[in-house]
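Chains C and F supply the protein sequences, listed in that same order.
For the first sequence, position 369 matches number 379 in my numbering, and the numbering has no gaps at all.
For the second sequence, position 305 matches number 350 in my numbering, and the numbering has no gaps at all.
Possibly wrong hints are sitting among the right ones.
Claimed, not checked - Computed from the model, here is a short list of chain C residues facing chain F with C-beta under 10 Å:
(1) 124
(2) 127
(3) 154
(4) 212
(5) 255
(6) 284
(7) 366
(8) 417
The hints are simulated quantities; they were obtained by calculation from the structure and are not laboratory data.
Note that CB positions come from ideal geometry on N, CA and C, so glycine has one too.
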Amino acid sequence: MVPPTVAGEVVEVSKDGSYTIYHPIVKIREKSGNVKELTLVQEWPIRKPRPFNKRLGIEKPLITGQRVIDTLFPIAKGGAAAIPGGFGTGKTMTQHQLAKWSDADIIVYIGCGERGNEMTEVLEDFPKLIDPKSGRPLMERTVLIANTSNMPVAAREASIYTGITLAEYYRDMGYHVAIMADSTSRWAEALREISGRLEEMPAEEGFPAYLPSRLSEFYERAGYVESLSGREGSITIIGAVSPQGGDFSEPVTQNTKRFIRCFWALDRQLAYSRHYPAIHWLTSYSEYMDLLADWFKENVDERFLLLRTEIVRLLQEESKLMEIVKLIGGDVLPDEQKLILEIARVIRLGFLQQNAYHESDTYVPLVKQFKMMETIIYLYNTSRKLIEKGIPMSVLREKEIFEEVIKMKYTIGNDEMEKFEEIRGRIDSFYKELYNEYK
Amino acid sequence: MKLEYIGLKEISGPLIVVEGIQGASYEEMVEITVGPSEKRLGRIVEIHGDIAVVQVFEGTSNISLTNTKIQLMGHPLEIPLSYEILGRVFDGVGRPIDGLGEIYPEVRRDVNGKPINPVSREYPRNYIQTGISSIDGLTTLIRGQKLPIFSANGLPHDTLAVQIVRQAKLAGEEDAEFAVVFVAMGVKHDVADYFKKSFEDSGVMQKVVMFLNLANDPVVERIIAPRCALTVAEYLAFEHNMHVLVILTDITSYCEALREISSSKGEIPSRKGFPGYLYSDLASLYERAGMIKGKKGSITQIPILTMPNDDITHPIPDLTGYITEGQIVLDRSLHQKGIYPPVNVLPSLSRLMKDGIGEGFTREDHPAVANQLFASYAHVQEVRALASVIGEDELSELDKKYIEFGKAFEEEFVSQSREEERSMENTLDLGWRLLGILPKEELDRVDVKILDKYYRPYSNKVRGEF
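Pulled out of the complex, with its shape left as it was, chain F reads as follows (with noise of 0.2 Å):
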């Protein structure tokens, strides 16, 4: 028989606290009656004595301390899949929204998932092409990895992201089934609606799973978002081997939502306000990339974030950085230059592409560009310091050389169009040509052979290949 608790001893924001409850286990989900008939959903996140506090996901809007019924549901948030949960759309805590009824289940599974034992892990070496030459050539995007893109706002974050879902392919298994989990935390309805008709747009619409909870939905509700999508994202890898990429924007806001949360509870708080645990939090998502030995799907995270103000040292981006495998930094400057994808090459990273890229996967000589186009483009940021001290004209042979070299690198390599799609080799190819601007002998990450064989000084003439 299921006991029902009548009446509260205290509400504070999202959270209310029940007292003289028997058996309550952490985590666990409570239904709340409010009113008359009113159902609600709540999930336990504290217990002292006989004395719990259930944060709850609709909000505690109505509630009184006297109208209110609640029921101990015995099991931990779960989520039904099955196949067919593809194409769907659904609400933050995973109950579908599209008005095509209930997901029949195979299995119900615990949203908050299990850490992945490091020894069963499978490392990942296979790289996605996205077509787009910056992260293709300088920051390679491999299966099983999670490479956030670090952006702000009013840059061309979402643009990008489409663009990586529609162009990735993956390198010589072009049958391999593929599948995309979308999760929208605190953002914007216009902009959850152009990921939806992009989406649409591009027919993989049947292949995406939507979870949504924007700008005005309950914080609470984002804070489960991500793991039910990581959850289903589980699921079609590692039961339906398919290959997933998980898209979560905005991290900014979800890390928002376990603030106010946090200071609801009354916890104390380290940097700018957000909670002690915010990179175990942050950790709990992320880590659930990756493959799995012996499985044949894999889960590709992109998380969006965009920087408050710009600051890579905030601390949202900053515990982020240390947990994923790289970043895609976006630049506010480049974008006002026109370029597109405002891509900052210099502090963006991805950290398994050393071993994802070279010979038997790429070209051999990927490796020795990507290294020299970093050094040499970084070389071009200290001349122009330089240069914008002394004047252009004051500059070295040299230097001048450089200064063209920037400029071509970042309105060639870098930007490209919206619907622009390149092959490896013609990246590949096209840093080359661009490196040709500059002397033989500066070139001095380059292992003499490779030299050699690949380097042409540069020429106007090969120009229109391109």
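Only chain C is shown next, with the shape it has when bound in the complex (with noise of 0.2 Å):
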């Protein structure tokens, strides 16, 4: 590839062989009259954007084979998402599983400020683990950035940059590039550290001042382009915060808010009680959904957008119920409510929850998400229409089916999708043998 500050006429190709990277292998006369060398290495200010023809539109998402993150908030190529969480949330356990399985085509994982364990353990792992695209070992398609917490600040403060500009390097060749860097707060800390030695004055809580410029900058260096040699490529940027005691109001997390649009909030509650991935649905957002709407209509099916709204309203309505519940106790609601109650708990089990150690359930293609919702909900209106016919819901829950549904993420592997016709049948005979009995 040309270095962006090039452009001239090629006067002299090197011969087909091997060289070295510092050899030069081709001359370029530039207008000026100047002859210039380019070697096989390029070299950039970290801190500066690779310049790019210009931003396309984004329409694609990336696609993570996590169904709360592919489902209910997605996120684009090109975009941008923050994933904060008190410690022992998840955080690093997430972002591990989006480097595994992401379908971008290079991975960039800059570990600012974290644990040196951790980097060892994806040195250890990712080399054995093998990219279901390429089939080639994972570790081929990532570069790694290690500053662990006990090492130079400076280099923090740096290491975020490095880690961008690498990213561009790649999406200039026309790669998918997601970039996910743990953790930012790490790296905003570091700012206050220097800043805090240059005896520059504080804004909130020590920050300096220009801490959401900072920010905007690293982010906005996200984006889908056409770069200067006409290639598509992407840098999609996941940044981790480490909120200070899990409280979001800090100024890391408020000021990440402003430049990101793919919101995935962990949730203390949830981690305690080992629902993984914590992402709570309540907090988190996505605005990329109406972007990437009509990629899931023509890519998965036309109904996708359909369940995924009735989904979202169910665990709405679950948790309005449960201010109820927890004043006055479940029995007294109606039977349509508890059949909500039911419903949702099927879906935060047997939908939200994933099991990252799970051979198929870590990763789960969108047609198995789909077929998944469409389950759910279709038990959910069977259900339904039971009620109506003043069958109680104690009778309905009884019966096996419920837990069925939750266990079919471990029962129905990643390519038997004809299994949940069986599900459905039986959802089916389910239905038939109640109707019959209370006739």
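Given two chains presented individually in distinct reference frames, assemble the corresponding complex, making use of the accompanying hints.
Here's what the structure looks like:
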């Protein structure tokens, strides 16, 4: 690839063969008449964004195989997302899952002020894992930048820029790059530490006043672009945020929220009950859903969005009902509402919860995600019909169909879509059985 | 020829300011002569042109602007090391205080250490059996891990730490050599004595190196004590192939010492007056745990910190939790119920356990049973909240089962005596037995195959076995 600063006429090219990276490969005569030698290495100042032709619209999702992300809060190729969460809520775990399974061509993983053993884990695991797309070890598409928490602070401040510049370099070659920054809070703290030593006037919580502008400079380097060579490439930024005390009102989380459009809030209560990924469905959001709607309609199913909306509605309904349950207990609710609670449980356990250590559940293709939603909603509609017939919820609950639907994530393999028909069949017979009993 | 500087420009708390100094370097040690003959040690913490700020280890009382002479020693703080260091007791800056004389060093090492490159680290995978169910079963300690105990004043964290030291076993490698490095930072005299006595009683004293900086010892030495200790640990682990368990107590005092010095240096404070670099500073201690490729030894850290006002969001536990690989949280209400160890399992976590348990390490069902116990116990909390509003009698049959499970879990699984040592098998079987209280379809975190193999409905008959 020719560096963006060089333009002109090629006057000499080396013959095919092996060369070292510093060996001049091409000679170019620039307009001014100077002849420039190009090697296989490029150098670029890390704080300056690399130029491109133009930004393109955001249309395609970055598919991660994580149900709560792909279905409820999708991220677009070229977008920016933040994962905030207190310690122990699974930020790094989520980042690792994304680095493993997202359908980007190149992954740049910045370990910024985090644990040394986590970097070692990536170094040991990734060479063993196979990229489903290329069939090669995952390590071959991954660049790691390690600045563990006991390494120098000045290097920590620079590590974020090193990562994004590497990502831009691959983007310019026409690759889709996903960059994970774990964690941007450590980077912000490095800024604060340096600023404190320079005796600059502090703003909020001791952070320098230029924190928001630095954050925006970083997140704005994401995008779906046409590069100078005319190829399409993208950079997706996923930044972890480690708010102090898990309190999202602190400056780094608040300022980050202004520059990202996808917010996966990790919840301590969920993590305590080992609901992973602990992305909370009520506080998280994705502004990319509308932009990606057409893509989902075309590539997955017409009804994808409809079902998604229904799932979100049921979860919201549940949280409202839970307020009542907390006050007076669940038994006094009418049966329709009990059903909503039951279905929401199925959604939480069977759909939102995902086991990163399970062979097939660690990555779930979109088709299966859709079929799972479809099955859950089908179960809901069928049960509602039974409730309308006056059959009490307690009778419905005795049937094992709810548990069976919860377990479908394990019982149905990623390439056994026909098995969903069987479950559907069992839902039908569950309906018939009860219908006949209460006729 | 060594230059001697006479007189000071300023004294402020534990710091003195010297003017006209030449060729001083950052972190260099200085020797301070007070009056006719008293010697003290100090460390350069700031340099502006020819002005150097020196931290005095023994404190600045009796120092005046005129009666003081200063000499640069030309090297950062180093500690003498040899294998004979085992069984000895030192003060915060590594001077022997047990009356057994100086150490004849094999080597001298800079106490600040060097960060380990992640590429040359070895990922920790072997678990340490502590014989304590709540730790072994749910927050397994892994060799090379840093797993702090989040405690509070009045809770039995010291007893727990001692029990861990006494019972810690490396699975499958009973003959490996181990050592304990114990650092007291700003703890009371009796606490240090308690540890010492417990080590003696269990016969491990010959394998223990102690660094004592008690509550009334100079604050500046408190900053150095853990660094000296970790340097010793690194030496024993990576040159003598020992498995070293480092106990650091109390991190809260350490952080407060750091704050005191930071504020006398006039630095800009961040949260609760703590310096902005508290995270980096703590990381420079905690990250010294681990294993290195090609070396047999390991460093496992158990820092103990007391949460001020039982507040887990206070900067000290908060920043610690971001660096360490999990935490064991002790809970006051469990302690008041008479449960020992009062480990609140829900916020407790071991980040490395996922790769050190299960088939080939402990038992195939370990991840599943741990996960299920967490999930079920979390649900118990919801049911209890409900019961506190509508009363226990109004609960559904299922919810009553959960209440029963929660009680049994706390009293039988978490609780055990101070001498009791449970094997991993026992802990896991106990977990399954308690899960048997709940109906099978409630156990949604377990793979069907494992569930069928291990699940048995609860019966009182087998109770006596444990």
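Inset, instruction - List, from low to high, the hint numbers that the structure doesn't satisfy. - result: Structure breaks no hint.
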